[in-house]
Structures are given as C-alpha cells and as structure tokens.
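> Protein sequences appear in the order of chains V and W. Residue numbers for the first sequence follow the numbering used here, beginning at 1 and rising by one. Residue numbers for the second sequence follow the numbering used here, beginning at 1001 and rising by one.
Hints in this document: simulated from the structure, not taken from any laboratory. Note that this is a predicted model, so its numbers are computed, not measured. Possibly wrong hints are sitting among the right ones.
[To be verified] Okay, the calculated bits of chain W under chain V, using three or more residues with CB under 8 Å as the criterion:
| # | region |
| --- | --- |
| 1 | 1024 to 1030 |
| 2 | 1055 to 1063 |
| 3 | 1228 to 1235 |
[Said to hold, decoys possible] Computed spacing ranges between beta-carbons, pair by pair:
| # | chain 1 | residue 1 | chain 2 | residue 2 | range |
| --- | --- | --- | --- | --- | --- |
| 4 | V | 74 | W | 1018 | 21 to 29 Å |
| 5 | W | 1056 | V | 260 | 13 to 21 Å |
| 6 | V | 24 | W | 1086 | 50 to 58 Å |
| 7 | V | 77 | W | 1246 | 28 to 36 Å |
| 8 | W | 1079 | V | 74 | 33 to 41 Å |
[Said to hold, decoys possible] With a Cα cut of at most 20 Å, we get these calculated EDC-like pairs of lysine to aspartate or glutamate:
| # | chain 1 | residue 1 | chain 2 | residue 2 |
| --- | --- | --- | --- | --- |
| 9 | W | 1004 | W | 1033 |
| 10 | V | 4 | V | 33 |
| 11 | V | 4 | W | 1034 |
| 12 | V | 4 | W | 1021 |
| 13 | V | 4 | W | 1033 |
| 14 | V | 4 | W | 1011 |
| 15 | W | 1004 | V | 163 |
| 16 | V | 4 | V | 34 |
| 17 | W | 1004 | W | 1034 |
| 18 | W | 1004 | V | 64 |
| 19 | W | 1004 | V | 84 |
| 20 | W | 1004 | V | 34 |
Cβ coordinates follow ideal geometry from the N, Cα and C atoms, glycine included.
Here is how the chains run, residue by residue.
There are 2 protein chains.
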Amino acid sequence: MAVKFSIEGVEGLPEIAGGADLAALIAAATDIEDGDILVITSKIVSKAEGRIVQAADREQAITDETVRVVASREFDGGVTRIVENRQGVIGAAAGVDASNAPDGTVLLLPIDPDASARALATGIRALTGARVGIILSDTLGRPWREGQTDLAIGAAGVHVFEDLRGSTDASGKPLSVTMPCVADEIAGAAELVKGKSSGVPVAVVRGLGHLVGDLDLPGARSIQRPAERDLFRLGADEAYNEGYRDGFDESQAEAAVAASE
Amino acid sequence: MAVKFSIEGVEGLPEIAGGADLAALIAAATDIEDGDILVITSKIVSKAEGRIVQAADREQAITDETVRVVASREFDGGVTRIVENRQGVIGAAAGVDASNAPDGTVLLLPIDPDASARALATGIRALTGARVGIILSDTLGRPWREGQTDLAIGAAGVHVFEDLRGSTDASGKPLSVTMPCVADEIAGAAELVKGKSSGVPVAVVRGLGHLVGDLDLPGARSIQRPAERDLFRLGADEAYNEGYRDGFDESQAEAAVAASE
C-alpha cells in the first residue's frame, strides 16, 4: 500500500490527428519512470484511431454504437439515451461526443479500448524501458449522484481491482466483499489535473507502482458487470412499463381462458 | 486547474474512541498547509461520535437507517438491501458495517456527515490557521460496474463540483453538461493511499487548493440526485413487479367495467 503518490498533467502534447503515433508523442512529452501509470483521455486515442464522424451522422452513430438501450429520458427538444455500447460501457449517447472534437464532427470511443491501452503500454514500455501501466479514461455520469467522474474504459499493464477479498481489516476481521476498483479511482484522480478544457489529455501517476503488472492482466472490460447480474440493468420507467404490459396481458389471457370454459 | 497534486496517508493516529477530539488528533498527527484537503474515512467519525451498536442489532439498525428500499437481492442465507439512508446516500445495508468496528459491534454512518465535516473543518482551521477543506468518505458499490470506490458522503470548505457549465472546451465549444464531481474523485483518490486494512484513515491532498473555499459551500448532500429525477430510482426487478401488479389490476378493472355494462 502506497503512503504517498502524485499526479501530474502532461503539457505540450500537440493536437492529435488520425494516424498519430501516440506512444511516441507521450514518451517524448514527459519523463516516464518504472511503475508510473499513465492515464490517457480516450478522446485522443479516438482521434489517433480516426474514430470520427460528421456531426450530422451523430444519431446514427449512437445507434450503431449501441448494444442495448438501458434507459431514456425526454428533455426539451430531444431524448437522452443511456445505453450499453460496444465496449460494454453504460453511459449517455454511447460515448459519442462533440466536445473536444473538430468542428462539425463527433468522436466515437475507441473500438476496443483495452486493446488500444495494450498497444500503448507495449509501445511506451519499448520506447522508454519503463514498466508502465496504461488507463484510458472517459467522463461518465452515474445513477443516484449528480455530476460526472472520469472512469477507466481501457486498461493494460495495471491491476484494475485491488482484490482484498480474503484479507483482514485492522482489527483482524475478514474483508469478505471488498474489491476496490482502483482503475476507476485512478482515472477519476487524473481528471483533477486534466480537466475538460485545459488541453492536458494525459496524466502521470507516480507512487502506485505496486498496481503495475503484466500486459496480460484483465483489462477494463472486466469492470463491466454482466446485465443479468445487475440490479439496475434497466431504467425504472422501462422496467415498470415492461412489467405493466406483461401484467395486463397475463390478466387478459386468464380472462380469455375463463370465458372459454 | 492544478498541474500536479499529491496525496499522502496520515500514519500514527491512535485508535479512535467515542468522544475523541478528532480535529485535535488529526492536527497533531501531520503538517497541514493552506489549501490542503483532508479526506477522512467516515468510520473514524462514526467511532468518535459513538455511532456504534451491538452486532445482534444489525438488521434493526439497517431498518432504522433506511429511508427507502431501492432494490434487494437474495443470496445464500440472506438478503442484500440497497437503500437510501438517512444521509441521502444510496448503498448496501445503509452503510451499517462490521469491518473495522470493535468485535461484536457494527458502525453506523455519522448522523449528518456534512455537519461533521463542517465541525472538523472549523476545528482544524482554528487549530492550524490553515484554510483546509474536509471530505468524509465511505466505500460504496455502484450499478453497472464491479467493485467499489470511495465516494464523498460529507464535505465542508471544499467545492464538491467543478462547475464547467458555460465554459468551453479546447476548441471553443461549450461544455454544456459537464460538472465533474471533484469531491467523489478526491475521495476515490484518497482510497489509493488509505486502503481498507492499513490503519490509515486520513489522507492529505495537496495541490488542489483552488477547490478549497468557504465553510458554507454546499456539502456532499448536494451530490445526491433526488429520486424523482433519477432514471434508476428503483431496481429493475422492483420496478417490473410494480408495473406487473398495476397492469394486471388495470386489466381486471377494465374487465369488471365491461362485464357490468
């Protein structure tokens, strides 16, 4: 367990264009040490990977990126869709976003953020000789609580959970269900230096080297809870309406049987 | 926007007993500077405030702390209740927890975590002369994602949101809906040095002084989204069952009207 760590924003990165060699650009922009964890805003990975479409195609892009609609809400002039996207992440608009995208365009999330993270970790480890971990972050809202936090949508070379199951608390009692999602905590911490508008898309986390590991550790996909095990797999209104239809139909069916007897 | 900050665990605090002067103990345990944010595990505040009951009374304590049941799930030999507690926080078992509690007891959350945070901020500011912010943290699970993160359940003297609404991104477009919950991000970051079992219940965050402010800033209660505005105010099964009953009853009522005509 670290007693101290620091987080520093990486300044001076150029605007990222399609095909950019992000690993080389990041390695050149800052000193990187063994055990560092680099938190990279997924937007610049999307740009480097050319995951960009015309703004006019935004609604279609959201539909294309959507695996499953979880909830939706109408507001003045539109509908917000909370969906599970192809990456397994549940969030608004499938991560399709105009902010920090070139004018007239929207950015999609990387196709496979864990694979992108692994490529970056491999590249930066090779270029610097430093054993680093990589987390790709995105800004996401959440149920029950206002505002957004940055969370890990891709990871490589870093433990996404600190598995305390089986260990004990300070008084010796087992911590049976505790499994902190350190990747999400690190992604959120990095937002505090990266911000949304400051042009600082990368942060270096130093002092948490005990969380850095092999490149074949489970990625951020392992954070996603399968829908069938999720108590909140569907919005309350959507679930209510589904139940209402089923209950109504069941009553009608029973009445039809009774009438035919 | 900070370019760098650090988080350090405060070691050497004594075991906290009922009536302990936490502000004095924390001020004595570490150097505190202007602009520091202290993240304090709510458990030690509960202990100082005597929020402790016999383990045999755990189920009753959960019921007493519960304002509203959001969802529940049966598992081998028990039921997990996800509830909104008196503090407005939605989580498992209303925050009633045996870990790090004295043997045979369970800890309840502080009655009013924002008030506790305000008292600590007032006390530590008076003792040290340093303008500090205080965040009380608790470990909470969440929908959609496995594992837990530490979140802010109490706050004083610190902005809980960094309100970017109305500001612009790096390319000049308005960030219309972005409002990072910095208090939650800071609480999660502090977990990375505090851990669950290391006996380090306080962390000092240095370098985010721009988020420190007056003692009358909105507390962590302002993070809670009112249920009526929450798409996930009720578990999917609970909402489905409620809809099913209503749909069934409506069909029966319609049939009764038809039969009487």
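> Within a Cα-Cα threshold of 20 Å, do residue 4/V and residue 1034/W meet the stated pairing?
holds, 19 Å
> Okay, residue 1079/W versus residue 74/V on CB: inside 33 to 41 Å?
For residue 74/V against residue 1079/W, whose Cβ atoms are near 35 Å apart, the range 33 to 41 Å holds.
> Tell me if the straight-line CA distance from residue 1004/W to residue 1034/W falls inside 20 Å.
holds, 16 Å
> Going straight from one Cα to the other, do residue 1004/W and residue 34/V come out at no more than 20 Å?
holds, 19 Å
> Could you grab the alpha-carbon distance between residue 1004/W and residue 64/V and see if it respects the 20 Å cut-off?
violated, 38 Å
> Verify this for me: three or more residues of the region 1024 to 1030 of chain W with a beta carbon less than 8 Å from a beta carbon of chain V.
violated (count 0)
> Hey, residue 4/V versus residue 1033/W, does the alpha-carbon distance stay inside 20 Å?
Roughly 16 Å between the alpha carbons, so the hint for residue 4/V and residue 1033/W holds.
> Taking the beta carbons of residue 24/V and residue 1086/W, is their distance inside 50 to 58 Å?
holds, 54 Å
> Please verify whether residue 4/V and residue 1021/W have alpha carbons no more than 20 Å apart.
Not satisfied, since the Cα-Cα distance of roughly 25 Å exceeds 20 Å.
> Using the Cβ atoms, figure out if residue 1056/W sits within 13 to 21 Å of residue 260/V.
violated, 56 Å
> Has the hinted range 28 to 36 Å been met by the Cβ atoms of residue 77/V and residue 1246/W?
Once the Cβ atoms are compared, 30 Å apart, the range 28 to 36 Å for residue 1246/W and residue 77/V holds.
> Run the distance test for residue 1004/W versus residue 1033/W: straight-line Cα separation, threshold 20 Å.
Distance of about 16 Å is within 20 Å: holds.
Hints 1, 2, 4, 5, 12, 15, 18, 19, counting from the list given before, are not met by this structure.
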